[in-house]
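*Asks:* Work out the full structure: start from the sequences and follow the hints.
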Amino acid sequence: MGRPVRRTAPNTAAAFAARRGLEGRLIEAENLTRKFGDLTAVDDLSFRVNDGEIFGLLGPNGAGKTTVVRMLACLISKSSGSARIGGLEVGRPADAMGIRKSIGLVPDNVGLYEDLSAYRNLDFFGKLYECPPAARAAAIERFLRMLGVWEKRDLLVGTFSKGMKQKIAIARALIHDPSVLFLDEPTANLDPEASKTVRDFILELKKEGKTIFLNTHNLDEAQRICDRIGILNTRLLAVGSPTELEEAVGGRKVVVQLEEVTDHILAALKEGPARPVVREGNRLIFDVVDPERENPAIVEALVRAGGRVQFVSRLSPTLEEVYLRHVRRLP
Amino acid sequence: MNLSKSWTIAQKDFSIFRRKRSIVYSLLAFPMGIALGLSAVLWLVVHRGDATYAQLGPLMDAFAFFFTISTTTISTSLAAYSIVGEKAEKSLEPLLATPTTDGEILLGKVIAAFLPTIVSTLMGAVVFMIIVDALSRPDLGYFFYPNWTVAVFLLVAAPLACLFSVELNVLVSSRVTDVRTAQQFGGLIVLPFAGLYVAGELQIIILDSTTLLKISAILLLADAVLFFLSRATFQREAILTQWR
Numbered sequence: 017m018g019r020p021v022r023r024t025a026p027n028t029a030a031a032f033a034a035r036r037g038l039e040g041r042l043i044e045a046e047n048l049t050r051k052f053g054d055l056t057a058v059d060d061l062s063f064r065v066n067d068g069e070i071f072g073l074l075g076p077n078g079a080g081k082t083t084v085v086r087m088l089a090c091l092i093s094k095s096s097g098s099a100r101i102g103g104l105e106v107g108r109p110a111d112a113m114g115i116r117k118s119i120g121l122v123p124d125n126v127g128l129y130e131d132l133s134a135y136r137n138l139d140f141f142g143k144l145y146e147c148p149p150a151a152r153a154a155a156i157e158r159f160l161r162m163l164g165v166w167e168k169r170d171l172l173v174g175t176f177s178k179g180m181k182q183k184i185a186i187a188r189a190l191i192h193d194p195s196v197l198f199l200d201e202p203t204a205n206l207d208p209e210a211s212k213t214v215r216d217f218i219l220e221l222k223k224e225g226k227t228i229f230l231n232t233h234n235l236d237e238a239q240r241i242c243d244r245i246g247i248l249n250t251r252l253l254a255v256g257s258p259t260e261l262e263e264a265v266g267g268r269k270v271v272v273q274l275e276e277v278t279d280h281i282l283a284a285l286k287e288g289p290a291r292p293v294v295r296e297g298n299r300l301i302f303d304v305v306d307p308e309r310e311n312p313a314i315v316e317a318l319v320r321a322g323g324r325v326q327f328v329s330r331l332s333p334t335l336e337e338v339y340l341r342h343v344r345r346l347p
Numbered sequence: 040m041n042l043s044k045s046w047t048i049a050q051k052d053f054s055i056f057r058r059k060r061s062i063v064y065s066l067l068a069f070p071m072g073i074a075l076g077l078s079a080v081l082w083l084v085v086h087r088g089d090a091t092y093a094q095l096g097p098l099m100d101a102f103a104f105f106f107t108i109s110t111t112t113i114s115t116s117l118a119a120y121s122i123v124g125e126k127a128e129k130s131l132e133p134l135l136a137t138p139t140t141d142g143e144i145l146l147g148k149v150i151a152a153f154l155p156t157i158v159s160t161l162m163g164a165v166v167f168m169i170i171v172d173a174l175s176r177p178d179l180g181y182f183f184y185p186n187w188t189v190a191v192f193l194l195v196a197a198p199l200a201c202l203f204s205v206e207l208n209v210l211v212s213s214r215v216t217d218v219r220t221a222q223q224f225g226g227l228i229v230l231p232f233a234g235l236y237v238a239g240e241l242q243i244i245i246l247d248s249t250t251l252l253k254i255s256a257i258l259l260l261a262d263a264v265l266f267f268l269s270r271a272t273f274q275r276e277a278i279l280t281q282w283r
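As given, the protein sequences belong to chains A and B, one line each in that order.
My numbering puts the first residue of the first sequence at 17, with every later residue one more than the last.
My numbering puts the first residue of the second sequence at 40, with every later residue one more than the last.
Treat the hints as calculated values from the structure; they're not laboratory data.
In this text, a Cβ means the ideal position worked out from N, Cα and C, and glycines have one as well.
Check before you lean on any hint, since a few could be wrong.
To be verified - Now the in silico label distances, taken between C-beta atoms and shown as ranges:
| hint | chain 1 | residue 1 | chain 2 | residue 2 | range |
| --- | --- | --- | --- | --- | --- |
| 1 | B | Phe53 | A | Glu336 | 43 to 51 Å |
| 2 | B | Gln274 | A | Glu224 | 32 to 40 Å |
| 3 | A | Glu224 | B | Gln50 | 27 to 35 Å |
*Replies:* Here it is in structure tokens:
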């Protein structure tokens, strides 16, 4: 195990937000817009990211995800609107250094120095972030051990696989213990095992209190690890938790599987608390508003009508359906 | 400006240069080639009886100017790599995301190209002077090198010319999108210095220590202007969004 990093002043997202008196909002954007000539890359984006949460920006290629991250990381300017990170104003030159010190960035291209070793890459960035030597060395060891690449620390990065490079890039973004971590497609082009390692590591960082802003077009990844998701296609089309997004599109539905659906059962249900909207063989699908209150009543009505209930399950549209409906503007 | 950050960037570039054979070879080959080639020319002229070392004194002084030209040539390949190379390796975005100012980055790049160039050039010049002194001392009765003119060439004009070349190349490399284009544009810097040498040989100007100090003063001013110009025109956003 690596030596623990000693932190005299914890730089967690919560601590950062508390210092700024932000009541939990670490990133805020209001009407954020970026144009490149006649092309509007990001249009009128408003959202907030709470401290300690994983916020996923989900969208197709060219949706403007990278542009959003670059604006928030003070790499490119905004055309209009405003954004704040930890109370610091994005786009105000006096705040740019403060923002850069408090964030870590993993761009879509890892951008490591291939002719340097993994250790040397991290050490270089640690120096630029003004990490003291002892803390720098401890952080490098800690993250390389956590990511399983400590034994290869002295090898040139150019000899590494894509997955290993991505791990080093993530370690690089964390070397200065930032409050916010921006990850731009962190698992793109990785094999399933490397993707899982990266996802698990992101969840570990969340446990440590880091706020994570994740750009992805991987729906499964977004659903698995994000607390909230914004669907972006130049404009922000929807935002909410995966469950909220699913329910907003499809409503709440309950499926009841019976041994046999008889005419008697269907007739009895007409008098009961809920009517099935769809019958699929021996499955009945009900619209519900408050499933915890309505489901027992439905089951009771079915049993009273002579039905033998086998399963009761929730039926929701998948995040993929939600995403496609928004991005393709389907009804 | 935090100079330690600039030095950190320069040290990182030194480490990368050491791994790139083409850069190492250009650093070693050019000054050594000049040292050995010019020594051979002098020896051949004297050996054939066309002139004595005493008669070749002005030429031996003028030959030192080749090392000034050498600094502008060698630094081109290093400086052209500095910004464009980072972009080509996609490493510029994470670098620009650090709390490092444009001035710190540019100064780091200037140091990274300047120091290896000057060290390798001085090494070549020392080799040249040792060989020529060894050849000419029996004829002259004294060591021709070092002398004031060569000292001004190597310790004043060459570093300033090198700095001028490095800054111009860094400026060019932050405005173009590939290393080759940067090197082609940057390579043009050698022309005014070659022109000065030719003007000296044609005796349009006299390349003595006084003239060299005047040229050096102009270079010093140009170096300062170029640094501020490169800082003013260094646009992170254009580099990130317009380069492909």
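*Asks:* For the pair B:Phe53 and A:Glu336, does the Cβ-Cβ distance stay inside 43 to 51 Å?
*Replies:* 50 Å, holds
*Asks:* Hint says 32 to 40 Å; check whether the CB-CB distance for B:Gln274 and A:Glu224 agrees.
*Replies:* 36 Å, holds
*Asks:* Does the beta carbon distance between A:Glu224 and B:Gln50 stay inside 27 to 35 Å, or does it fall outside?
*Replies:* Once the Cβ atoms are compared, 31 Å apart, the range 27 to 35 Å for B:Gln50 and A:Glu224 holds.
Hint compliance for this structure: every hint is met.
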